[in-house]
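Colleague: Each chain, written out:
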Amino acid sequence: MTQSLDVSNSAAAGRSRRPHLIYLAIGFPPAAKSCAYRMRETANQFRRLDWDVTVVTIPPASWERDSGLDYSLLEQVDPEIKVVELPLAREDLETDIRKFSEERALRPAKWLTNLRKREKRIFPEPVFGSWRGTLEQAVLDIHREHPADLLLASCTPYVNLAAAWKLWETHGVPYAVDYRDGWSIDVVNGGQAFTPDSEAGVWERQILDHCQSLWVVNDPIADHYRTRYPHVANRVHVVRNGYDKDSVPMVRPHTPDPEAGLTFGYLGTVNYTTHQLGVVLDAWREARKQEPLLRNARFEIRGHIGAGANREANGLTELIREAAADGVSFGGPVRKAEVGQTYGGWDALVLILIGGRYVTSGKVYEYMATGLPIVSVHEVDHDASRVLDGHPLWTGAFGLDELRLVDSFRAAARMVVEATDEQRAGVRRHADPFTRETLMRHAVEQLAAHALAAPRDLPVNGAVVHPSSEPSTMDEIERSAGVRA
Amino acid sequence: MSDVLLVAGVAPQPGILSTAVRRLRETGARVHLVGAVDPDELAEDLQLDGLCALPLNIAKDTPTRTAARQVPGERVWSRIRREPWAREQARTADVLVALDAHAIYTVWRFAQRNRTADARYGIQAAVQALTERKDRPAAGALQRLANGLPSSSGLKQSVNRLINAAPRAAVNAVTARPIMRSRAGTQLWLTAVKTPKVPDSLRTKVAQQAAKGMAWADRPDGEALILTATASKLRKPAARARMMGEAASRELKAGMPPRDLDSAVKALLDVADQRHRADQNGGAADLLNRAMTLAFDRVLHIDQLTSPLAEDPEGFVAPFRRSLAATTVATPRGRRQPAAPPPTDRPLRLLIATSANDNFLKLIRSYYDAHPQVEVRFVDLAANAALKSVTWAAKPMLEHRLSADSTPYGDKAEERLRPYLDWADTVFVDWCVAPAALFTLVDPGTTRVIVRLHSYETLSRWPYMVDFSRIDDLVFVADHIRDLATTLVPYLRGPDAPRLHVMDNAMDLRGFQIDKPAEARFQLGMVGISQVAKDPRWAVEVLRLLRERDDRYRMLLVGGDMNPNVSVASREYLEAFNRDVRELEASGAVRRLGPTDDVPKMLTDIGVIISSSVREGCHCGLMEGAASGAVPVVRDWPFFAGRPNSARTLYPEGWVIGSPQEAVELILRTTATDESWRAAGQEASAYALREWDWSVVRHDFDRLLLDDPRS
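Residue numbers (our numbering), protein chains in the order written: chain A, 1 to 485; chain B, 1 to 711.
Bear in mind the hints are in silico, worked out from the structure with no lab data behind them. Among the clues, some could well be false.
[To be verified] Label pairs and their computed distance ranges (CB to CB): (1) B/Gly334 / A/Glu91: 50 to 56 Å; (2) B/Pro709 / A/Val188: 34 to 40 Å; (3) B/Glu675 / A/Glu259: 40 to 46 Å.
[Unchecked claim] Here are the simulated SDA-like pairs of lysine to any residue, each with C-alpha atoms no more than 20 Å apart in a straight line: (4) B/Lys412 / A/Ala449; (5) B/Lys412 / A/Asn189; (6) B/Lys412 / A/Leu49; (7) A/Lys110 / B/Lys60; (8) B/Lys388 / A/Asn189; (9) B/Lys362 / A/Asp407; (10) B/Lys388 / A/Asp381; (11) B/Lys388 / A/Asp401; (12) B/Lys388 / A/Gly191; (13) B/Lys388 / A/Thr274; (14) B/Lys388 / B/Asn289; (15) B/Lys412 / A/Val188; (16) B/Lys412 / A/Ala200; (17) A/Lys289 / A/Asp257; (18) B/Lys362 / A/Thr274; (19) B/Lys362 / A/Asp282; (20) A/Lys245 / A/Leu74; (21) B/Lys253 / B/Asn289; (22) B/Lys362 / A/Leu403; (23) B/Lys412 / A/Glu199; (24) B/Lys362 / B/Trp694; (25) B/Lys60 / A/Leu106; (26) A/Lys99 / B/Arg133; (27) B/Lys362 / A/Ala193; (28) B/Lys601 / B/Gln682; (29) A/Lys99 / B/Thr116; (30) A/Lys117 / A/Ala193; (31) B/Lys388 / A/Val188; (32) B/Lys362 / A/Asp401.
[Unchecked claim] Short derived list, chain A residues pointing at chain B, Cβ under 10 Å: (33) Arg17; (34) Gly68; (35) His275; (36) Arg321; (37) Thr342.
The C-beta atom is built at its ideal place from N, Cα and C for all residues, glycine as well.
Please put together the full structure from these sequences, using the hints given.
Modeller: So this is what it looks like as structure tokens:
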């Protein structure tokens, strides 16, 4: 099953004194996914602690049809990290019609429904369920070649959990889970995603019963898990996403010039609805009419739009194109290495996010660190609001209330010309505790220390677990920085 | 140079197409397009090397019976394969590209014949294929020849398709259009479906085939006949009830009142009751839902000039009052705690909720947004995916009520609503439809619940799914609507009923005061003609009679036409209306101005404002017209005429008339001279501003929302 698995070149192979982490990180660079940064930092931090790290992911060709690739992300991956690429790809994103059966070509929607059902029969996750067997075999093979001391599963996909469980069940290798957004919680719409007695519920319970540590990205999600599984409450840790220092311009490159036209920017995956984008663009148009400072303003949208057959060709691109006369443009994805430069060319930022109180997004930290004024387009009760609360160049969140968004654009324009260097520096200081490197270093140190301290002869089938009992890693940092979170 | 053939099953958005073609040409390819395309809509900068534009509906069009049975992808293929140009391009193309899901099958079929071509779905994939081709060595002549032949698997599939088509052909022959349209054919099938000693399953199958034949022959009445006849012979009550319901539903779909609606509703309710007694509440909810859907279909009540419910409210809802399942649903649950009085130490937290339609909320929202004693939050249940999915969920709602309020759906509704209820001191739900049912599905705690019922809700099923015992205040926009609602829902007349209020809609009428030119005196007008209930044909009749006496009179119609696709009944009404006004429009006596955002401007030229509706709540368009100084002429809305409250009690004496002839007399009298017309208009305007302007009405809202209801 794991033909591409080859550990012979591993620099770490055979060195038994160094602890070994198997890191299930589907989305690891060069995948142009937002989770790639977190995964890269996590793996690098384990390397910094002198662990051997084997990352398990899928090949670049599989990302080509998904969210795309950014090879510049590889530049900062520790060269000692071994990457195992499993021959897996999302069948539903296949775009080569020669590989379609006649039934799929004829009834694509029905085929997709049936695929989802088949996937769920293997593991209760409709998109990735069928990857279970390959993942399970892969971790067993890696462990056989190079015994692991810890497995860290980053989700999504949640089917990673099956592989973590397999290795624990058969070899007693302890595991931790980086849930990021959480499984049993519907982070976009709120509420639970499945009940405790559903198949997914039973899986989650089983996994959490025995995991060393559970990481999530914000407090509302952590609260959900602490409430739902009180017996693992002390193993739930908030590990915020943070931002990469090299992604933000260190000095302001130019003075705003309203005569030449201010530039507002959005950088991130364009994953919201056409309705949401439509409201933003309507508000933008109206703000340009009303606000003299915005008369010549431009609004640049950068990032990935759509996947599979719809990549960069859907209703969102059409909406953006129709708004060209209002100074709106789409410039495609930005390589990681060029992110800082891109922010450096903008005067203000537009933060468009889906979901509510359970969604933070990594982007908000990066936005905050640029020191630029921020226009928020998301629910009022959104975790990003909590992160931005107190930010002096933030216009506030008003959901999709168009009139208030018009005011927000206008207020941001005024902030652009009125903000002092001191204010901008203050904003950056506000963001200082949220560098990804700082956040992940604390989290990884705790997890690594605990994994090594735990007894190595854990019984098979997990009768004994020694979970981490340290307080949430972010709590102390946030308290010291005086940030509400 | 490579050749690319794009295939469109549905019309691509011009911008997307333009970008796609540009990106493909940037790789050096020639780009050709076949499929659903409107050449007039293509972007000006689009540079295609070849185009075969086919009708936009190729994925939907069913000109033949075979096409009717096909899935959209097959229809697109059937149409495109007939184009020699498309076949030639497909044979020689290097990359075949499906632009949408309906085009995939066509590309798949083309790719069976052109075996060297790449076949891709989506533009990014096509660009990638072109890039990869550049790195591949070209195929030799022999290989190209071999690749041009269809594959053996392709041939086998073609043969299989031919064989599988044979039984369909046989069925087609015995249900052909001429047979189904003839009396003898109908009789033959009626006899067939009633043949004795046939198992239910076979009888049902035969009936479905025959009904499909009737549908193909455009005979919805025949469909209903066949299904009703079959139902009478089915042994299982549930199957019988469902088929009777199916028969009625086919007639409603065709825009016709069903011939035996009452029996179908009763049969469905009987089985729903049985299921409920057996604690099979999923099934009971399904059957009850079907019964309600049929009984309250818009064809019966909304798209007609009369309604069986309005004619005999108590008789119409009697089967539901006798049904165990329906009465269980309607049983009041009550609230565990009384609503708390408005807070005195902080602003009132007011949650305003609706689902998509906030037409009558804007003024209320902006007023209370700026009100120091109120903190407003607004939730559009249709705009939030999590709430939308639990709002218009009639069947799960019914099942929840039937299952002693214990279902996963109820838990979900509770979970999603509770944060809103916890925050709010008062919830104001506009429209007594699904949102009201949802908000009363859960216990509101100490939050006060106010629901406003406008008008059409009384003709819907929602009042039977709302728990009025969890509503503290029920607001109506007029007395006659309150009367109808309390007749339909007896609980509203009982001792535990919510407080009932009649409050006018929030309208800013001051902006409508306009100086009218002298010519407006002969200009009749209507604002809003988009529903059958507005009955503009009645107003046209008034104009026709008027012009027989004085041809200076003309009419302006403000607002969009009714949507003919909503129901067959709407379409038929619109066609009749178009016939009525054809000549009048040609002579300039009637002008349709279409939808507008600037009603006050339109009213400038209207001297007489007409309400010709068969039913209304309060008719805002008429009130706005009156405020503008137009002379109001109101038909005594037939749904309510002769009852204790009606248009005659809502409006001042002298505005309401009973017939087109009376309308003519009123108009001639009030517009006899410029002075009399202006005097009547000013009087109407003064009345409207005095009674209905927001500056007056807002005090009622303040009292409702801010005063302690116990005091």
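Colleague: In ascending order, which of the hints set out earlier in this document are inconsistent with the structure?
Modeller: 3, 4, 6, 18, 27, 33 and 37
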